[in-house]
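Engineer: Quick note, the sequences are listed as chains A and B, same order. Under the numbering used here, the letters of the first sequence match residues 1 to 615, in that order. Under the numbering used here, the letters of the second sequence match residues 616 to 1230, in that order.
It is possible that part of the hints are untrue.
Derived pair list, reagent style SDA-like, types lysine to any residue, alpha-carbon separation capped at 20 Å [claimed, not checked]:
#  : chain 1 : residue 1 : chain 2 : residue 2
1  : A       : K20       : B       : V684
2  : B       : K691      : A       : E130
3  : B       : K839      : B       : R888
4  : A       : K50       : B       : L1205
5  : A       : K514      : A       : I489
6  : B       : K670      : A       : T592
7  : B       : K654      : A       : T592
8  : B       : K691      : A       : D33
9  : A       : K20       : B       : P658
10 : B       : K665      : A       : T592
11 : B       : K927      : B       : L813
12 : A       : K25       : B       : F669
13 : B       : K842      : B       : L925
14 : B       : K635      : A       : N40
15 : B       : K635      : A       : R29
16 : A       : K20       : B       : T639
17 : A       : K203      : A       : N40
18 : B       : K839      : B       : E865
19 : A       : K224      : B       : E794
20 : B       : K635      : A       : R51
21 : A       : K474      : A       : L260
22 : B       : K839      : B       : T864
23 : B       : K1189     : B       : V1163
24 : B       : K842      : B       : A889
25 : A       : K20       : B       : G1100
26 : A       : K55       : B       : R619
27 : B       : K924      : B       : L804
28 : A       : K514      : A       : T544
29 : A       : K25       : B       : K640
30 : B       : K654      : A       : S79
31 : B       : K1186     : B       : F1091
32 : A       : K574      : A       : N517
33 : B       : K680      : A       : E130
Simulated from the structure, these hints should not be mistaken for laboratory data.
There are 2 protein chains.
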Amino acid sequence: MSERDVNLKALFLGPKSENKDVYTKHLNRLFEDHSEWRKNYHPEDQPIIKRDDFKAEDFAMTSEKVEDVLTQLSIKLRSKSLPWHSPRFLGHMNSETLMPAILGYFAAMLYNGNNVAYESSPGTSEMEEEVGADFAQLMGYKNGWGHICADGSIANLEAIWYARNIKSLPLAMQEVAPELVEGKTEWELLNMSTEEILDLADKAKDFDLIKEKSARGCGQKIAKLGKWFVPRTKHYSWLKAADIIGLGTENVEEVDVNELFRMDVELLESKIRANAEQGIPTLGVVGVVGSTEEGAVDDIHKIIALRDKLAKEGIYFYVHIDAAYGGYARSIFLDENYDFIPQDQLHAKYMEHGVFLNEETQWPSDDTYQAFKAISEAETVTIDPHKMGYIPYSAGGIVIKDTRMREVISYFATYVFEKGMDIPALLGAFMLEGSKAGATAASVWTAHRTVPLNITGYGKLIGAGIEGAWNLHKHFENKEFMVNGKKVILHTLVQPDFNMLDFSFNEEGNTDLKVMNKLNHDFYEEASYVNGGLYDNDFITSHTDFAVPEYGNSPFSYVERLGFSRAEWDKEQKVTVLRACVLSPFINDLATFDEYMEKVDAAIQRKLERIYNRK
Amino acid sequence: MSERDVNLKALFLGPKSENKDVYTKHLNRLFEDHSEWRKNYHPEDQPIIKRDDFKAEDFAMTSEKVEDVLTQLSIKLRSKSLPWHSPRFLGHMNSETLMPAILGYFAAMLYNGNNVAYESSPGTSEMEEEVGADFAQLMGYKNGWGHICADGSIANLEAIWYARNIKSLPLAMQEVAPELVEGKTEWELLNMSTEEILDLADKAKDFDLIKEKSARGCGQKIAKLGKWFVPRTKHYSWLKAADIIGLGTENVEEVDVNELFRMDVELLESKIRANAEQGIPTLGVVGVVGSTEEGAVDDIHKIIALRDKLAKEGIYFYVHIDAAYGGYARSIFLDENYDFIPQDQLHAKYMEHGVFLNEETQWPSDDTYQAFKAISEAETVTIDPHKMGYIPYSAGGIVIKDTRMREVISYFATYVFEKGMDIPALLGAFMLEGSKAGATAASVWTAHRTVPLNITGYGKLIGAGIEGAWNLHKHFENKEFMVNGKKVILHTLVQPDFNMLDFSFNEEGNTDLKVMNKLNHDFYEEASYVNGGLYDNDFITSHTDFAVPEYGNSPFSYVERLGFSRAEWDKEQKVTVLRACVLSPFINDLATFDEYMEKVDAAIQRKLERIYNRK
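Modelling step: build the complete structure from the supplied sequences, incorporating the hints.
Structural biologist: Here it is as structure tokens:
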């Protein structure tokens, strides 16, 4: 183990609050720092709340009320929150968050900067600029830029805003400065690459006027831009985004996924070509790195290769990577110098740095490796610090490949930023949101400075989850439970691309899909707040349905493997699965894993018995 | 003073950290509660971080790194944050935030609920539902609903999304279920009221299909919806919103403001009528309650009266109130039972509850009173807890008048919420964002439960700022400073509608507008980070420009009052003013006010001298 690698156990409060003392120490120091900072701003100024004020009757009453309400708050939080700090929780994308991130948020919240304007937040605005640079480096962007936003849905919306405005620029150029695009047909205008468009924008005399005539000014141009492709495994925010951005959900085309739940890129190609033959352009394609329900990683390298191939034929589409979930995992491929590690050196590096603890953990697949590598070729990437960044909610993020892109979505407000003003961190003019917490930037910054975005830091943290999922896959696959004399078998969806494992129970011999779906939904109810409780629940997981309206027939290969007929699938049209996102930083270790799996297995047994006893 | 009125001095840490002890006590208790909650979840489970782990060399290294980074964070925060806790800060919309709000955020962040789904956040989702109900009550909505969002820009975008999708429904009905709108012309379809449309939606057999054919599905329908009116004083987010939502900025019409910086409603009427004559409908009108640069309150009652008048003539527009800034101030008009206080009882109530301390404070004007009252007639309202809610960033909010409206923007994601599922707080399906911090809801909830949204709570808090601005207006108006033998006079823009005072310096006898603008910009630089510093600055304010491209000639009346000719205005085309948002809860008290104004006056004198000595 290299001396510079982080030790994950020093970064979290811990499932049993093992690091409580040091946490308390930091917490009080940061609060002390702030309190004394306040007091020492013009130390000659008198206190405003004076001795007599403390003695007032209504002061005591208000103080008591504050205390009472905080007590109620604590009761509500303790009785109605999820115990995701324990390895008994293997469900939604929740887990421990980083101690430095929570403390960073808390400290910065006291100073309450607003990162919409440098003037209101010099310190935290600079932190956000640094975080944006971290993101760009993580994605392999040489001239990139990034910022924090509310969440992945907003980042995705901002990405389609970028795509829409950029793609409509050539139409505006033709109106305002036709010399820039002389001789081009409308089809050619709608199939220019982002780079070509930005190069032309650089040459334009009055770019502001061109912007005004692009989709941002003339909404009617949106209708010409064509289709937006997403895989069936898309996050639902893509439909919302197409609605909001004025494209309309009718212009979203969903591409079937293969048996690994990755977008079928050959099918994508045929759809794009079929549209092109009808004169319909492709606005853009979304590749998903870490699908929400399966943790699947689309073959980004194949999407990029398709883009490059079609570009030679005069068809160009924008590529956005929705790596809200998987974005931070690119750090597992970067060495101490942030260089992408050659594939044949990966395993040795992982063992050297303790990214994986077990020699047998064989991750990633070739495709997953190539997919992460190719992210650097996309125009934009969504990355959520509040997912695999182990940052508390809400912290989303977006990264752009070419800083020049910012101009197509920029607005300037007199009171917060003057156009052309030379300040170090001008954020507010270049994002969808307005006011935003400097504390979020401080939280992410503190985490990044403590945990580097390479294999010595986040790589180790994310590796722990991937190895945990690997362990879980091995443990769950074909596991048998005897319940009231029946054999219930646990099946896993796929070997995970990332740190999520989907699974389902089926009774041996059952070929009725409805029965299996009910069993898994019943199990979910036992393993969630619905029937199982929260604090009093001994194993918690989440669930999802793969149904025809969203997935088409892609899930049939799984259903078939479990012994169901095509007729059953066509009748039931959905399969209910359980879904475990393995974010715990501690169950990569086999001793801990085994200790907890004994408890989890016993809990599963109890839950199944409760279900069968009700029958 | 009623026994139930809050004492503001017990609600904040205080400019000199006067309440540090009690703050520290609560902070540690909340952290203790959480730590022990973790430990006692299945107390039989073993610690995962063990004695030997603490002794590891890399554990110590990582711990030291955490400490070092937190030290760097604290240094950055203390050296690069604004000292808004002091009355020496009279600038941007920043000030102390409520102790219960900060503690509530901190506590809930430890449990890290995600309010997109009830399943991930039972406790904080319920808090957000309660907060939404508080908002609806505050606005006087009987069947309303609300939620927290990232900020005012997002709330405004969500509002125009509502307006766009609702207004396009009748066109979709004509396609999908023509019997619903039989015999209506396209003009009539585009001028149906929100209530009529929702009533028809209730009757529709397949509303999902109608939704699909509305603007959300078919972006091309947006082009038919017409114009979106905003006052010149609009927040710049309205241009962004029109861009994003696919309307295009070309469909935003700006209405001049009068000498009080309130929208000229007569002009609005004539613009709407002129458009109607050309067959162009009006999608909606934004009334601003608390303009960002002036704190002006539009005459909402006149906008509502115009809407009702035109509705009788077959012209209907959606009304949105952008009360991001002023929304919480509606609590100053609500009595202990949340009833709107009759105008003739206001003054007595204010004195009784200590909303104002000084008999001479005469607020509100008739128009401001009527404007706040009429908010209850609008379709949607933006309200930012992180502004006048004294909540830390980021916390925006939106309120809708009729819960049925939610369906036009709803999306359902399998993994977080099942359509039709009966859970108490289904938030995620009905908002623009996705994942969001439960901590924000907890923060606002804790504040609302401690500080009621009426004259006993927020009314007092906001009253303190309004009275502070009233005091400042009186103190600044025509104040003279002798600098190097020249007389520099301080002018105020208007008697504030709210708690913001704009002002500018001019040298006696100067009639060159450029010279005055430079003086004020120089002053701003001295009174901000640019030249004046932050922690070492003795008076901090903000600035803005009223320039022709945004304001037209509306600011000329102010410029004229200061003695500048029309020719000067036409030449310079802008006036630079300084901008003080009075959020301090403590300078309503005249003793405190006078004590600090002595310091502020001296600081102004020093800054002016520095400017003049450089000349």
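Engineer: Take the hints in turn and mark each one as holding or not.
Structural biologist: Do the hints match the structure? See the list:
For the given pair, K20(A) sits about 19 Å from V684(B) by alpha-carbon distance, which is consistent with the 20 Å threshold. Taking the CA atoms of K691(B) and E130(A), the gap is near 13 Å; set against the 20 Å cutoff, the hint holds. Taking the CA atoms of K839(B) and R888(B), the gap is about 17 Å. The hint holds against a cut of 20 Å. Under the criterion of a C-alpha separation no larger than 20 Å, the hint pairing K50(A) with L1205(B) is consistent with the structure, at around 15 Å.
Note on K514(A) and I489(A): the hinted pairing holds, with a Cα-Cα distance of about 16 Å set against a maximum of 20 Å. Pair hint K670(B) plus T592(A) holds up; C-alpha atoms about 18 Å apart against a cutoff of 20 Å. Taking the CA atoms of K654(B) and T592(A), the gap is near 17 Å; set against the 20 Å cutoff, the hint holds. Restraint check: the Cα-Cα separation between K691(B) and D33(A) comes to about 12 Å, which is no more than 20 Å; the hinted pair holds.
Under the criterion of a C-alpha separation no larger than 20 Å, the hint pairing K20(A) with P658(B) is consistent with the structure, at around 16 Å. Of the pairs offered as hints, the one joining K665(B) and T592(A) holds, with about 11 Å between alpha carbons and a cut-off of 20 Å not exceeded. A hinted pair counts as satisfied when its Cα atoms are at most 20 Å apart, and K927(B) with L813(B) qualifies at roughly 19 Å. As the CA atoms of K25(A) and F669(B) are separated by approximately 16 Å, the hinted pair is consistent with the 20 Å bound.
Pair hint K842(B) plus L925(B) holds up; C-alpha atoms about 15 Å apart against a cutoff of 20 Å. Only pairs whose Cα atoms come within 20 Å are accepted, and K635(B) paired with N40(A) is accepted, the gap being roughly 14 Å. Distance hint between K635(B) and R29(A) is fulfilled; the C-alpha atoms sit about 13 Å from each other, no more than 20 Å. Proposed proximity of K20(A) and T639(B) is supported: the alpha carbons are some 16 Å apart, at most 20 Å.
At most 20 Å may separate the alpha-carbon atoms for a hinted pair to count; K203(A) and N40(A) exceed this at roughly 52 Å. Restraint check: the Cα-Cα separation between K839(B) and E865(B) comes to about 13 Å, which is no more than 20 Å; the hinted pair holds. Distance restraint check for K224(A) and E794(B): the Cα-Cα separation of roughly 32 Å exceeds the 20 Å cut-off, and the hinted pair is therefore not satisfied. Proximity of K635(B) to R51(A) is assessed by CA-CA distance (about 14 Å); at most 20 Å being required, the pair is judged to hold.
Of the supplied pair hints, the one linking K474(A) and L260(A) holds, its CA atoms being roughly 17 Å apart against a limit of 20 Å. Distance hint between K839(B) and T864(B) is fulfilled; the C-alpha atoms sit about 15 Å from each other, no more than 20 Å. About 6 Å separates the Cα atoms of K1189(B) and V1163(B), which keeps this hinted pair within 20 Å; it holds. As the CA atoms of K842(B) and A889(B) are separated by approximately 12 Å, the hinted pair is consistent with the 20 Å bound.
Our distance criterion of 20 Å between C-alpha atoms is broken by K20(A) and G1100(B), whose separation comes to about 63 Å. The straight-line distance between the Cα atoms of K55(A) and R619(B) is roughly 17 Å, inside the 20 Å bound, and the hint therefore holds. Taking the CA atoms of K924(B) and L804(B), the gap is near 18 Å; set against the 20 Å cutoff, the hint holds. For the suggested pair K514(A) and T544(A), the alpha carbons sit about 15 Å apart, so the restraint of at most 20 Å is met.
Annotation: proposed proximity of K25(A) to K640(B) holds, straight-line Cα distance about 14 Å (limit 20 Å). Distance hint between K654(B) and S79(A) is fulfilled; the C-alpha atoms sit about 14 Å from each other, no more than 20 Å. A hinted pair counts as satisfied when its Cα atoms are at most 20 Å apart, and K1186(B) with F1091(B) does not qualify at roughly 28 Å. Under the criterion of a C-alpha separation no larger than 20 Å, the hint pairing K574(A) with N517(A) is consistent with the structure, at around 8 Å.
Note on K680(B) and E130(A): the hinted pairing holds, with a Cα-Cα distance of about 18 Å set against a maximum of 20 Å.
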